[in-house]
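> Using the sequences and the hints, build the whole thing.
Protein chains in written order, with our numbering: chain A, 1 to 192; chain B, 1 to 609.
Just so you know, these hints were derived from the structure itself, not from any lab. Since the model is a prediction, treat every value here as computed from it, not as a measurement. Wrong hints could be hidden among the right ones.
To be verified - List time: in silico SDA-like cross-link candidates among lysine to any residue, alpha-carbon distance up to 25 Å:
(1) B:K512 <-> B:D441
(2) B:K512 <-> B:M582
(3) B:K512 <-> A:R168
(4) B:K237 <-> A:D68
(5) B:K370 <-> A:D68
(6) B:K46 <-> A:G174
(7) B:K46 <-> A:A96
(8) B:K131 <-> B:R182
(9) B:K46 <-> A:R30
(10) B:K45 <-> A:R168
(11) B:K45 <-> A:G173
(12) B:K45 <-> A:H170
(13) B:K46 <-> B:A188
(14) B:K46 <-> A:A171
(15) B:K45 <-> A:D68
(16) B:K131 <-> B:P183
(17) B:K237 <-> B:K131
(18) B:K46 <-> A:R169
(19) B:K45 <-> A:L167
(20) B:K46 <-> A:G130
(21) B:K45 <-> A:R30
(22) B:K46 <-> A:D68
(23) B:K214 <-> B:T72
Stated by the list, open to error - With the C-beta cut set under 10 Å, the calculated list includes, among others, these residues of chain B facing chain A:
(24) T101
(25) S116
(26) T119
(27) L344
(28) T354
(29) C356
(30) P466
(31) P468
(32) G471
(33) R562
From the three backbone atoms N, C-alpha and C, an ideal C-beta is built for every residue, glycine too.
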Amino acid sequence: MSADVGKPRAVRQQILLSGVGGQGILFLTRLLAEAAIAGGFPVLTSETHGMAQRGGVVVSHLKVGGFDSPLVRTGRADLLLVLKRENVPLHRPFLADGGALIVNAPVPTDAGSGVRVHAVDADALALSAGAPHAVNLVLLGFALARVGGGTAGGFFCSGGEIRGALLRRHAGGGSRLDDALSALDLGIAHGT
Amino acid sequence: MSDRILMQGNDAIARGLVAAGCAVAASYPGTPASEILSSIDRWRKKCGATMHVEWAVNEKVALEIAYTAAITGLRAAVSMKQVGLNVASDPLLSAAYLGVTGGFLVVSADDPGPHSSQTEQDSRLLAMMAKVPALDPASPAQAMALAGTGFDLSEAFGVPVMLRPTTRVCHASQDVDAPPFRPPVREARFVKDPARWAATPAFRRKLHDHLAEKIAEIAAWPATAPIRVNPEVSPAKAVVASGVAFAHARELFGELGISDRIALYQVIQPYPLHAAFIDHLLGTYAEILVLEESAPVIEMQIADRRRVLGRMTGAVPGTGELLPEIIERLLSRFAGLPLPGRPLFAPGDGRRPTLCPGCAHRSAFYAIRKAAPAGIYPSDIGCYTLGINLGAVDTVLCMGAAISQAAGFDYAHRLSGRQVDIVATIGDSTFYHAGIPPLIDAVVQGARFVLVILDNGTTAMTGNQPTPGSGFGAGGEATAAVDMEGIVRACGVRFCRTANPDLLPEFVALLKEALVHARERNVAVVIARQPCAMVVRGTAGMQRDVIVITAECTGCSHCVTRFECPALVFDEVANQVRIDEMTCTGCGVCVHVCPVGAIRMGSAGEKRS
Numbered sequence: 001m002s003a004d005v006g007k008p009r010a011v012r013q014q015i016l017l018s019g020v021g022g023q024g025i026l027f028l029t030r031l032l033a034e035a036a037i038a039g040g041f042p043v044l045t046s047e048t049h050g051m052a053q054r055g056g057v058v059v060s061h062l063k064v065g066g067f068d069s070p071l072v073r074t075g076r077a078d079l080l081l082v083l084k085r086e087n088v089p090l091h092r093p094f095l096a097d098g099g100a101l102i103v104n105a106p107v108p109t110d111a112g113s114g115v116r117v118h119a120v121d122a123d124a125l126a127l128s129a130g131a132p133h134a135v136n137l138v139l140l141g142f143a144l145a146r147v148g149g150g151t152a153g154g155f156f157c158s159g160g161e162i163r164g165a166l167l168r169r170h171a172g173g174g175s176r177l178d179d180a181l182s183a184l185d186l187g188i189a190h191g192t
Numbered sequence: 001m002s003d004r005i006l007m008q009g010n011d012a013i014a015r016g017l018v019a020a021g022c023a024v025a026a027s028y029p030g031t032p033a034s035e036i037l038s039s040i041d042r043w044r045k046k047c048g049a050t051m052h053v054e055w056a057v058n059e060k061v062a063l064e065i066a067y068t069a070a071i072t073g074l075r076a077a078v079s080m081k082q083v084g085l086n087v088a089s090d091p092l093l094s095a096a097y098l099g100v101t102g103g104f105l106v107v108s109a110d111d112p113g114p115h116s117s118q119t120e121q122d123s124r125l126l127a128m129m130a131k132v133p134a135l136d137p138a139s140p141a142q143a144m145a146l147a148g149t150g151f152d153l154s155e156a157f158g159v160p161v162m163l164r165p166t167t168r169v170c171h172a173s174q175d176v177d178a179p180p181f182r183p184p185v186r187e188a189r190f191v192k193d194p195a196r197w198a199a200t201p202a203f204r205r206k207l208h209d210h211l212a213e214k215i216a217e218i219a220a221w222p223a224t225a226p227i228r229v230n231p232e233v234s235p236a237k238a239v240v241a242s243g244v245a246f247a248h249a250r251e252l253f254g255e256l257g258i259s260d261r262i263a264l265y266q267v268i269q270p271y272p273l274h275a276a277f278i279d280h281l282l283g284t285y286a287e288i289l290v291l292e293e294s295a296p297v298i299e300m301q302i303a304d305r306r307r308v309l310g311r312m313t314g315a316v317p318g319t320g321e322l323l324p325e326i327i328e329r330l331l332s333r334f335a336g337l338p339l340p341g342r343p344l345f346a347p348g349d350g351r352r353p354t355l356c357p358g359c360a361h362r363s364a365f366y367a368i369r370k371a372a373p374a375g376i377y378p379s380d381i382g383c384y385t386l387g388i389n390l391g392a393v394d395t396v397l398c399m400g401a402a403i404s405q406a407a408g409f410d411y412a413h414r415l416s417g418r419q420v421d422i423v424a425t426i427g428d429s430t431f432y433h434a435g436i437p438p439l440i441d442a443v444v445q446g447a448r449f450v451l452v453i454l455d456n457g458t459t460a461m462t463g464n465q466p467t468p469g470s471g472f473g474a475g476g477e478a479t480a481a482v483d484m485e486g487i488v489r490a491c492g493v494r495f496c497r498t499a500n501p502d503l504l505p506e507f508v509a510l511l512k513e514a515l516v517h518a519r520e521r522n523v524a525v526v527i528a529r530q531p532c533a534m535v536v537r538g539t540a541g542m543q544r545d546v547i548v549i550t551a552e553c554t555g556c557s558h559c560v561t562r563f564e565c566p567a568l569v570f571d572e573v574a575n576q577v578r579i580d581e582m583t584c585t586g587c588g589v590c591v592h593v594c595p596v597g598a599i600r601m602g603s604a605g606e607k608r609s
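Written out as structure tokens, the structure is:
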């Protein structure tokens, strides 16, 4: 790769990822953070560990670009990804005006005015694909396709860059990589 | 592609320690510090470092092991959560007097909030009490750098040094450049000096004088002096911040545009605060706002009370985490700006944590309530604290207290002429950590209660670290394993039986037998042994049985409220319970829970491949 190809675009993005313990919020956070680093951006995240991981509310903050604080303040998130729809009222205050809420729900959730809402029944999709634990990647794929990647108002990275991050994570290939890529593609297909 | 890699704060601390030549590392797991030791072992293997890395039986033992390596001239570190430092405080305070010859770092991770702790205490206060310097990183990258600085400081003055990250550093991740690993060339060499290493009180006074001199010198050590962020301006006000509160403040200085009218300093070493810095602050600024977590450690060292605003003056909230929204308000007020209109985040009622589907603790708790419905249930620290959801946990104090509290309840009620059934629960890791002395005490004093040791073979809550009974160590290497039944019997317990709590009817019967023994004689121990569901779930080739809810379900909710398995979901429309296929492990314990027999195992044909 030549030196100027990976030159950082001017990106400053704050993302909140919300779910309950066991849904794979932490995995999604790190995947996005790794994609940010591969894209040449500084990244800061804040994760939930400990007792909350036993099925309680789990939230990750992800800040891409030049930030100092690992936490997103209320009203500042560009994107809010919600894997458990009952968390929407809890974490909705973090979303900025004009931001986008992407939620795992059969029908769009009411999130008040000033935000775009995109819903997908990622549970049903993951179950039908025989991969209930890949619901996180289904939602991420859907989100990337629906709000766009590498474009204004969309994610700082594209679906292809997430695919690249997955390939680096499972460098040896194998069934876990295949499962992850199919789940991502399933989400992308439903968001396109 | 960038050379930078994503590192969690705990991983970065581990890398910093290994790169700086740490030779001995010990820990007991506890959120938010748990990942430090497992990361040390990963970096040890990756760098090819020669180290002793261990999960110790508790924090006191861990600190003593690492400290002793540091008096042979090696570099050593111990890591723990803040309440673990309470357990290890006895050796720490003495070690400060005796000092070290090799670098010795005590990593104590605080949890303002608290997010996953019993208290939001500030380890820096214990550093002050012990008279050891404390370093306060603001980010994973800085924590990694301060691991090396801490060793240098420790060796420059021959004192233990505390590295105090908080949850927002430990569990933040950041892109960092890993420092290179240089293999240390030291050999352990213990130089006998009983007047120092075994000092009697007369010598301790001299050692204390010497320690006070060292602390005065450390308050002038250049490498840890405070950093001025915006030296180009000369305003009348200053913000002095440390830890992640500094990171929040720095970002907000930019966003609020106040860098030209307020000076911003980062304190890296809150204790001892640099003496020249205190003079500079008081000689320069009319008002000083101090932002730190979670106690006013910096604030109390700045002597002029009229000019300092902080937690002691009430300008900064006295408890709780300093979230960036709170700092935004404090800085806006301090700068004379209008306050932001957006409300603070109020953590609502979101879903509460619960035991995992298929967790055998759930079976044990359900059985305890069946066997001793009017009992008192002292419990302890671990996943099984969540037995509170099942009404089977009445008290949680600190590590090991379930057993002493069970005894305390017995003595107190007997004084009043009453006998109550007392069933205490404690996990295997917690039992080894702090449960053995209180069990000995209970036997000696003739206490009457049932102790259920929930033995899932792992330290589950913190990420499945091994216990002394596991038979393997921090890096998966084989170790000796202790025999739990043998320990219980050696404590003098006469009734000690082991069973699988998932065999619910049999387990209830065993508990009833233990209760009879406790009422008539003395302490009875039941070991509830079944592996952690999180560990089993990772086992390849596991087949899941199908659980079926039949039409007989009356919608009574007994299974949902009393058994509270996340895989049992009450369907309000159908007024019946259904199985959540996403989470059900097929353990089948709920079959014994339904009062009308409406839950059954699926037939062979219904089995999933």
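> Would you mind marking each hint as holding or not holding in the structure?
Evaluated hints:
1. Pair hint K512 of chain B plus D441 of chain B holds up; C-alpha atoms about 24 Å apart against a cutoff of 25 Å.
2. A threshold of 25 Å between alpha carbons decides the hint, and for K512 of chain B with M582 of chain B the separation of about 35 Å lies outside it, so the pair is violated.
3. Of the pairs offered as hints, the one joining K512 of chain B and R168 of chain A is violated, with about 55 Å between alpha carbons and a cut-off of 25 Å exceeded.
4. Taken as a hint, the K237 of chain B and D68 of chain A pair is honoured in the structure, with Cα atoms around 22 Å apart against an allowance of 25 Å.
5. Of the supplied pair hints, the one linking K370 of chain B and D68 of chain A is violated, its CA atoms being roughly 53 Å apart against a limit of 25 Å.
6. The straight-line distance between the Cα atoms of K46 of chain B and G174 of chain A is roughly 23 Å, inside the 25 Å bound, and the hint therefore holds.
7. Of the pairs offered as hints, the one joining K46 of chain B and A96 of chain A is violated, with about 42 Å between alpha carbons and a cut-off of 25 Å exceeded.
8. At most 25 Å may separate the alpha-carbon atoms for a hinted pair to count; K131 of chain B and R182 of chain B exceed this at roughly 31 Å.
9. Straight-line distance between C-alpha atoms of K46 of chain B and R30 of chain A comes to about 21 Å, which keeps the hinted pair within the 25 Å bound.
10. For the given pair, K45 of chain B sits about 21 Å from R168 of chain A by alpha-carbon distance, which is consistent with the 25 Å threshold.
11. With a C-alpha separation of about 23 Å, the suggested pairing of K45 of chain B with G173 of chain A holds against the 25 Å cut-off.
12. Simply put, K45 of chain B and H170 of chain A have alpha-carbon atoms about 20 Å apart, close enough for the 25 Å limit, and the pair holds.
13. Of the supplied pair hints, the one linking K46 of chain B and A188 of chain B holds, its CA atoms being roughly 23 Å apart against a limit of 25 Å.
14. Proposed proximity of K46 of chain B and A171 of chain A is supported: the alpha carbons are some 17 Å apart, at most 25 Å.
15. Only pairs whose Cα atoms come within 25 Å are accepted, and K45 of chain B paired with D68 of chain A is rejected, the gap being roughly 32 Å.
16. Simply put, K131 of chain B and P183 of chain B have alpha-carbon atoms about 31 Å apart, too far for the 25 Å limit, and the pair is violated.
17. Pair hint K237 of chain B plus K131 of chain B does not hold up; C-alpha atoms about 31 Å apart against a cutoff of 25 Å.
18. For the given pair, K46 of chain B sits about 17 Å from R169 of chain A by alpha-carbon distance, which is consistent with the 25 Å threshold.
19. Taking the CA atoms of K45 of chain B and L167 of chain A, the gap is near 24 Å; set against the 25 Å cutoff, the hint holds.
20. Our distance criterion of 25 Å between C-alpha atoms is broken by K46 of chain B and G130 of chain A, whose separation comes to about 36 Å.
21. Only pairs whose Cα atoms come within 25 Å are accepted, and K45 of chain B paired with R30 of chain A is accepted, the gap being roughly 23 Å.
22. For the given pair, K46 of chain B sits about 30 Å from D68 of chain A by alpha-carbon distance, which is inconsistent with the 25 Å threshold.
23. Between K214 of chain B and T72 of chain B, the direct Cα distance comes to roughly 20 Å. Compliance with the 25 Å bound is thereby established for this hinted pair.
24. With a cut of 10 Å, the hint placing T101 of chain B at the interface with chain A is violated, because the nearest CB-to-CB distance is about 36 Å.
25. With 10 Å as the threshold, the beta carbon of S116 of chain B comes within range of chain A, its nearest partner Cβ sitting at about 3 Å, so the hint holds.
26. The restraint placing T119 of chain B at the interface with chain A is violated, with a minimum CB-CB distance near 14 Å, outside the 10 Å limit.
27. Residue-level restraint check for L344 of chain B holds (minimum Cβ-Cβ distance to chain A is 7 Å; threshold 10 Å).
28. A cut of 10 Å between beta carbons decides the hint on T354 of chain B: the least distance to chain A is about 5 Å, and the hint holds.
29. At its closest, the beta carbon of C356 of chain B sits 6 Å from a beta carbon of chain A; the interface hint therefore holds under the 10 Å criterion.
30. Nearest Cβ of chain A to the Cβ of P466 of chain B: about 19 Å, over the 10 Å cut. The hint is violated.
31. Against a cut-off of 10 Å between C-beta atoms, the interface hint on P468 of chain B is violated, since the closest Cβ of chain A lies about 22 Å away.
32. Nearest Cβ of chain A to the Cβ of G471 of chain B: about 26 Å, over the 10 Å cut. The hint is violated.
33. Interface hint at R562 of chain B: violated, since its Cβ lies 17 Å from the closest Cβ of chain A, which is beyond the 10 Å cut-off.
In this structure, the earlier hints numbered 2, 3, 5, 7, 8, 15, 16, 17, 20, 22, 24, 26, 30, 31, 32, 33 are contradicted, and the remaining ones agree with it.
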